[in-house]
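Q: Quick mapping for you: the protein sequence lines, in order, are chains A and B. Going by our numbering, the first sequence wraps up at 1266, each residue one higher than the last. Going by our numbering, the second sequence wraps up at 116, each residue one higher than the last.
Source of the hints: derived by calculation from the structure; they are not laboratory data. Glycine included, every Cβ here is placed at the ideal spot set by N, Cα and C. A portion of the hints provided could be inaccurate.
Beyond 10 Å from chain A on every Cβ pair, some chain B residues (computed) [claimed, not checked]:
hint: 1; residue: Asn8
hint: 2; residue: Ile13
hint: 3; residue: Phe66
hint: 4; residue: Pro71
hint: 5; residue: Lys72
Simulated crosslink set (SDA-like; lysine to any residue; CA at most 20 Å straight-line) [unchecked claim]:
hint: 6; chain 1: A; residue 1: Lys1198; chain 2: B; residue 2: Ile104
hint: 7; chain 1: A; residue 1: Lys1201; chain 2: B; residue 2: Gln55
hint: 8; chain 1: A; residue 1: Lys1235; chain 2: A; residue 2: Lys1158
hint: 9; chain 1: A; residue 1: Lys1198; chain 2: B; residue 2: Lys58
hint: 10; chain 1: A; residue 1: Lys1198; chain 2: B; residue 2: Ser59
hint: 11; chain 1: A; residue 1: Lys1253; chain 2: B; residue 2: His30
hint: 12; chain 1: A; residue 1: Lys1253; chain 2: B; residue 2: Ile13
hint: 13; chain 1: A; residue 1: Lys1247; chain 2: B; residue 2: Ser59
hint: 14; chain 1: B; residue 1: Lys58; chain 2: A; residue 2: Gly1214
hint: 15; chain 1: A; residue 1: Lys1158; chain 2: B; residue 2: Glu45
hint: 16; chain 1: A; residue 1: Lys1247; chain 2: B; residue 2: Ile13
hint: 17; chain 1: A; residue 1: Lys1201; chain 2: B; residue 2: Lys58
hint: 18; chain 1: A; residue 1: Lys1201; chain 2: B; residue 2: Arg65
hint: 19; chain 1: A; residue 1: Lys1253; chain 2: B; residue 2: Gln51
Stretch by stretch, here's where chain B covers chain A in the computed footprint (C-beta under 8 Å, at least three residues) [claimed, not checked]:
hint: 20; segment: 1171-1183
hint: 21; segment: 1223-1232
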Amino acid sequence: RKEVEQDPGPFNVPEGATVAFNCTYSNSASQSFFWYRQDCRKEPKLLMSVYSSGNEDGRFTAQLNRASQYISLLIRDSKLSDSATYLCVVKTGGYQKVTFGIGTKLQVIP
Amino acid sequence: DTGVSQNPRHKITKRGQNVTFRCDPISEHNRLYWYRQTLGQGPEFLTYFQNEAQLEKSRLLSDRFSAERPKGSFSTLEIQRTEQGDSAMYLCASSYHDRDLNIQYFGAGTRLSVL
Chain A
1157 RKEVEQDPGP
1167 FNVPEGATVA
1177 FNCTYSNSAS
1187 QSFFWYRQDC
1197 RKEPKLLMSV
1207 YSSGNEDGRF
1217 TAQLNRASQY
1227 ISLLIRDSKL
1237 SDSATYLCVV
1247 KTGGYQKVTF
1257 GIGTKLQVIP
Chain B
2 DTGVSQNPRH
12 KITKRGQNVT
22 FRCDPISEHN
32 RLYWYRQTLG
42 QGPEFLTYFQ
52 NEAQLEKSRL
62 LSDRFSAERP
72 KGSFSTLEIQ
82 RTEQGDSAMY
92 LCASSYHDRD
102 LNIQYFGAGT
112 RLSVL
């Protein structure tokens, strides 16, 4: 089983739609979780950290379910500019080993 | 621009040649990471430094790969005797240990093409 698993998509959604991505992780000792966004042929950029209680930043909501070992990202009112690949990132261990998921590709269609 | 800087942005080389990439982290960051990313995959961890000490190396980092961070500032990643399978984007990231959940900030990467 991969350490971090994501559905690679693509998810094709119309403008204004709500879309959700999940990411599962295998190591129950994982400590920190993030969502990064990566545009085509660009570097990954932090979208948001994921806190135990869940957190929201504008149209974006992230949640953590430790019991089921997954994190989620919800995007409301999708914009064309949201088209990108969304990378799930999990940190584990004393040295903060970082593992990226394969990324989920989102395409928002006019 | 005070972000992570990587040079060169693109490198084309012939199989068997050696290449070296440079990364300049955000100035106050004490951790520096190298990743490799191929098309359709997420970044794969290669190695990281805390200050000048190389603390962890992935098994992906074969004997042909070496990384240094001699003064705890910039870092270099060298690939010797390049192979076509080394073609990828090489990403550098930096963070400040024990601050802001150790969030990593990435450079724009060096895209390597081995012919």
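Q: Kindly indicate which numbered hints from before are broken by the structure, ordering the numbers from low to high.
A: 7, 8, 9, 10, 12, 14, 16, 17, 18, 20, 21
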